[in-house]
Amino acid sequence: MPAPTSPAELYRHSLRLLLDKDIPAWVALWAEDGLMEFPFAPDGWPRRLDGREAIAAYMHPYPDHIDLHDFPDLRIHQTIEPETIVVEMRGVGRMVETDAPFDMTYIAVVTVRDGRFTSYRDYWNPLAVQQSGTDFTGSNR
Numbered sequence: 000m001p002a003p004t005s006p007a008e009l010y011r012h013s014l015r016l017l018l019d020k021d022i023p024a025w026v027a028l029w030a031e032d033g034l035m036e037f038p039f040a041p042d043g044w045p046r047r048l049d050g051r052e053a054i055a056a057y058m059h060p061y062p063d064h065i066d067l068h069d070f071p072d073l074r075i076h077q078t079i080e081p082e083t084i085v086v087e088m089r090g091v092g093r094m095v096e097t098d099a100p101f102d103m104t105y106i107a108v109v110t111v112r113d114g115r116f117t118s119y120r121d122y123w124n125p126l127a128v129q130q131s132g133t134d135f136t137g138s139n140r
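With numbering that gives the first Met the number 0, letter number 125 in the sequence shown gets 124, and the count goes up by one each step, no holes.
Just so you know, the hints here were simulated from the structure itself, not pulled from any lab data. What you are looking at is a predicted structure, and each value in this text was computed from that prediction instead of being measured. Just to be clear, a hint being listed does not mean it is correct.
[What the hints assert, rightly or not] Label-pair ranges, simulated between beta-carbon atoms:
| id | residue 1 | residue 2 | range |
| --- | --- | --- | --- |
| 1 | Thr104 | Arg46 | 16 to 24 Å |
| 2 | Thr97 | Gln77 | 17 to 25 Å |
| 3 | Arg89 | Ile22 | 15 to 23 Å |
[Claimed, not checked] Below, in silico cross-link-like pairs of lysine to aspartate or glutamate (EDC-like), each with a Cα-Cα straight-line distance of 16 Å or less:
| id | residue 1 | residue 2 |
| --- | --- | --- |
| 4 | Lys20 | Asp66 |
| 5 | Lys20 | Asp69 |
| 6 | Lys20 | Asp63 |
Every residue, glycine too, gets a C-beta built ideally from N, C-alpha and C.
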């Protein structure tokens, strides 16, 4: 596949990699000094990941916890800054350990420079992790 040329194309490509469970390729889409933030993360969950290595460590076990099937309801909004998009979506699948359904809503503010993610603020729903068996980071808080 040719390199994605816009933030929206890069984002769509990143979702395909997550569905394929290709976490190393997903991490490779990040700038070395990329920043991933979770402003609504509850206590005990990471709120900030500084740099590609921290993002890789966080995402590495993801497929062991969530089997993603689709990202329905994807809406990508352009902003007045051409490098920044706002994304609305759902991630659906199942929790690997319990086989329980996984259905999470997200809003993300994503910035891309030179074809790489540089900033990703992920406003995922913290209420979803208050249910038993929903620790999708493997952190065992």
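Hint-by-hint comparison with the structure:
{"no.": "1", "hint": "Thr104 x Arg46: 16 to 24 Å", "verdict": "holds (19 Å)"}
{"no.": "2", "hint": "Thr97 x Gln77: 17 to 25 Å", "verdict": "violated (38 Å)"}
{"no.": "3", "hint": "Arg89 x Ile22: 15 to 23 Å", "verdict": "holds (20 Å)"}
{"no.": "4", "hint": "Lys20 x Asp66", "verdict": "holds (8 Å)"}
{"no.": "5", "hint": "Lys20 x Asp69", "verdict": "holds (12 Å)"}
{"no.": "6", "hint": "Lys20 x Asp63", "verdict": "holds (10 Å)"}
Hint compliance for this structure: hint 2 is the single one not met.
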